[in-house]
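Q: Below, each chain spelled out in residue letters.
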Amino acid sequence: MQLKAGTRLKSSVCETQVMVVKAPSGDVDLTCGGAAMVVLDAEPAAGATLDPSRAEGTLLGKRYADDEAGIELLCTKPGTGSLWLGDTPLAFKQAKALPSSD
Amino acid sequence: MNLAMLLEMAGDGGGDRVALGPRPDGLTHAELLARAQRAASWFAARPGVNVGMIGVNSDATPICLFGAAIAGRPFAPLNYRWSDDQLRRAAARLAPAVVIVDEGVAARLGPLDGVEVVERGRFLAEIEDAVPLTAPAGDTAAPAVLLFTSGTSGDPKVAVLRHENLTSYILGTVEFMGADEDDAALVSVPPYHIAGISGLLSSVFGGRRIVHLEAFDPEVWVETAGRESVTHAMVVPTMLARILEVLDRDPDVGLPVLRHLSYGGGRMPLPVIEAAVRRLPHVDFVNAYGLTETSSTIALLTPDDHRDALASPDPAIRARLGSVGRPLPTVEVEIRDAGGATVEPGLRGEIWVRGEQVSGEYLGTGSTRDDGGWFPTKDGGWIDAGGFLFVEGRLDDVIVRGGENISPGEVEDALIAHPDVSDAAVVGIPDDDWGELVAAVVVPVDGGDIDPVALQEWVRSRLRSSKTPAVIEVRDLLPYNDNGKLLRRQLRAELGLPR
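Chains as they are written, first to last, in this note's numbering: chain A, 253 to 354; chain B, 765 to 1263.
One or more of the hints may lead you astray.
[What the hints assert, rightly or not] According to the in silico footprint, chain A covers these stretches of chain B (three or more CB under 8 angstroms from chain A):
{"id": "1", "segment": "772 to 780"}
{"id": "2", "segment": "1064 to 1075"}
[Unchecked claim] Partner residues aside, some chain A positions facing chain B, computed with beta carbon under 8 angstroms:
{"id": "3", "residue": "M271"}
{"id": "4", "residue": "L312"}
{"id": "5", "residue": "G313"}
{"id": "6", "residue": "L326"}
{"id": "7", "residue": "K329"}
{"id": "8", "residue": "L350"}
{"id": "9", "residue": "P351"}
[Stated by the list, open to error] Counterexamples of contact, computed for chain A against chain B with all Cβ distances above 10 angstroms:
{"id": "10", "residue": "L255"}
{"id": "11", "residue": "V290"}
{"id": "12", "residue": "P296"}
{"id": "13", "residue": "A298"}
{"id": "14", "residue": "W336"}
These are computed hints drawn from the structure, not numbers from a lab.
No residue lacks a Cβ here, since even glycine has one placed at the ideal position from N, Cα and C.
Turn these sequences into a full structure, and let the hints steer you where they fit.
A: Right, dumping it as structure tokens:
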């Protein structure tokens, strides 16, 4: 699927929802729990089940990214599946710790 | 990304954390979300486009801010301290609109075409019966907040901050629910100030309980900080100076729970921050620099930067206490000369900034960014070898004496450092020989007596003779707006100078 910054996606096999913060150009194979992610208001992929080897879960408010591929997602709803781009799991991105300024 | 989603996430992930108000009976994030959703359907049922607000800080501020975002309406808080006429003209610019107001404001406004005025109490009561609106978050490029600039340099302009500007600032600087459970932020800047808006957004996304002061008062600030176990606060420089006066009167008040104090919104005189660090040694200080048009902070001087500067024998590092630190990792800052060319570190020029949080856009006139996305701040400044940004104030205020650019702030700092001087303002006065001369207006400390000649010698020994005020006038007070900005135009007018 094609991604665009600001697009909201959901998992087909768990409660996970994400928002696209940075999108690579071109088609991407983005999965959660081993099944294709779909845009928020679409039907989940038919017959998909959670792949137990891709079930480490997502955490609310955390960012998942692959800097090389130029993709970054923000988890807006947590679930049991893990986010993968093709054959690579998306790494949990440690937010830069900035002191509060307002 | 939409502001509404920040609160939705906090509502889902904030658990039982109190978002707003005193801990035992404040609103949780889920309760704040529910109220914002009810307010959204109340807004959506009205014909107006904009949601205005004229009032002090209250629960209604975040309810209106997030409710408007859910309804896809821009939120426009106005300065309730303006004159009736100023308020009327500003409210008329928002039409068609609904404006939520404090008691007594409706009478001040009178009838306005296309503007429905609703008192806060009625609004809060009516939304209790509204059906929550959970429409999917709207266009990220839509305007989220309209802020009238302070107008120290002319009629107020209306800065347009889009959802993508504000949310990229929050996502880039705040860890979701990263605050400790016991954290509480005291918000005393008014809701029509960018720091009032960004403070709400940061605290909600970070999970830090918000304690509002209706309006700033130093005694109430100190009392509330103690009573509400406040850990974090943001103040403008004049607020900090007045808080220190209260603390100096009562040496037993230590604010032991307070651990983080950020300041910004104007130039902080060095003697004030040095006194603050001495008086509150357990507190981490952060200096933040930003503009309304940049969705708040673009550079900050961290607590470690403060400590390094204070402890350093190297004057170049010590001077960084007077800087605004380094740019956020998510923005770029450049210094450019009058011709638009980028200058080397150490050289002065105009501060330009680029990043997703930077709007640089005004209602009616559009974007002031250049083709590369860079926004000219109209602030003068320079960057040192370590990347620390020094802000010298509005370029319009720079005094040009015999071809030499003199920053009023530097001279003001030198004046305020004198033990007999409590406050100082420096402006240029026209002069046939030099183009401009440096003139100073100084306020003596209580019971103090100022000798202008001795004060001139004081400045000359610290700076140099070209920066020594040729004229020194003594006054009881200086004109400030309520955000702590010195009103130089008014001061010039009072001195009988051309604006």
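Q: Give a verdict on every hint.
A: Here is how each hint holds up against the structure:
1. 772 to 780: It holds, with 4 qualifying residues against the three required.
2. 1064 to 1075: holds (count 3)
3. M271: At about 6 angstroms, which falls below the 8 angstroms cut-off, the nearest Cβ of chain B leaves the hint on M271/A intact, so it holds.
4. L312: L312/A check passes; min Cβ-Cβ to chain B is 4 angstroms, inside 8 angstroms.
5. G313: holds, 2 angstroms
6. L326: holds, 7 angstroms
7. K329: holds, 7 angstroms
8. L350: holds, 5 angstroms
9. P351: Interface hint status for P351/A: holds (5 angstroms vs cutoff 8 angstroms).
10. L255: The assertion about L255/A holds, with a minimum of 14 angstroms to chain B.
11. V290: Check passes; 15 angstroms lies beyond 10 angstroms.
12. P296: Correct as stated: the minimum Cβ-Cβ distance to chain B is 17 angstroms, above 10 angstroms.
13. A298: holds, 23 angstroms
14. W336: Correct as stated: the minimum Cβ-Cβ distance to chain B is 22 angstroms, above 10 angstroms.
Hint violations for this structure: none, all hints satisfied.
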